[in-house]
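Converting from the sequence shown to my numbering requires adding 184 to each position, the first position being numbered 1.
Any given hint could be a false lead.
[Unchecked claim] Taking CB as the label site, the calculated pair distances span:
1) D268 / G298: 16 to 26 angstroms
2) C206 / E252: 30 to 40 angstroms
3) D250 / D309: 12 to 22 angstroms
4) V286 / T253: 42 to 52 angstroms
5) E252 / D205: 33 to 43 angstroms
6) P304 / G244: 27 to 37 angstroms
[Said to hold, decoys possible] With a straight-line cut-off of 25 angstroms between C-alpha atoms, the simulated SDA-like cross-links for lysine to any residue are:
7) K296 / A229
8) K204 / P304
9) K204 / T258
10) K211 / Q256
11) K296 / D205
12) K296 / D318
13) K211 / L246
14) K211 / L263
15) K296 / R230
16) K296 / I228
17) K204 / L246
18) K204 / E303
19) K296 / D226
20) K204 / T308
21) K204 / I276
22) K211 / D250
23) K296 / E234
24) K204 / S273
25) K296 / S322
26) K296 / Q264
27) K204 / T224
28) K296 / R235
29) K296 / C206
30) K296 / A225
31) K296 / N215
32) K211 / D297
33) K204 / A255
These are computed hints drawn from the structure, not numbers from a lab.
Glycine is no exception: its CB is placed at the ideal position from the N, C-alpha and C atoms.
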Amino acid sequence: MRQPCAEQGALRPRYTARMKDCTQCGKCCINYSDGGLSATADEIARWEDERPDIARFVHGGLIWMDPETGAQLTRCPWLQCAPDGVTYSCAIYHVRPEDCRVYPVAVEDMIKDGCEMLEPSDMTDPERAQRTLDRLMSDSRPPLNRRT
Numbered sequence: 185m186r187q188p189c190a191e192q193g194a195l196r197p198r199y200t201a202r203m204k205d206c207t208q209c210g211k212c213c214i215n216y217s218d219g220g221l222s223a224t225a226d227e228i229a230r231w232e233d234e235r236p237d238i239a240r241f242v243h244g245g246l247i248w249m250d251p252e253t254g255a256q257l258t259r260c261p262w263l264q265c266a267p268d269g270v271t272y273s274c275a276i277y278h279v280r281p282e283d284c285r286v287y288p289v290a291v292e293d294m295i296k297d298g299c300e301m302l303e304p305s306d307m308t309d310p311e312r313a314q315r316t317l318d319r320l321m322s323d324s325r326p327p328l329n330r331r332t
């Protein structure tokens, strides 16, 4: 006799992700906001039409430029320190560039950036950590395709 679905599910091994949820440390935004990010032409056009407050920080197709001088800013103008004084938030989170939406892509980048999502076990098994990351990010980007 077959078991009910709920009981069958209890018999399957559960996948346990070891990587933490984002801690909002801001390191990714700080590390890449000084010229390491781009926006698509469609994103820039949408900002020009709907969000001139964002579009003013675009110059010559480059983002996070000083509206007065046209020089590259050293920090994203939309990165805000949260009221707790420790974590960060994004003032344009729902309309942020695709570069921001898809980060992090590779565990190697997270290690380089000092990302606080990583657990010690992620460092010892980066392939498993990459699979975990791909699952965590499945709603915002495709999995990282490695060519060997």
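Subject >> Hint check, failures only >> reply: The structure conflicts with hints 3, 4, 6, 7, 9, 15, 16, 17, 19, 23, 27, 28, 30, 33, although it agrees with all the remaining ones.
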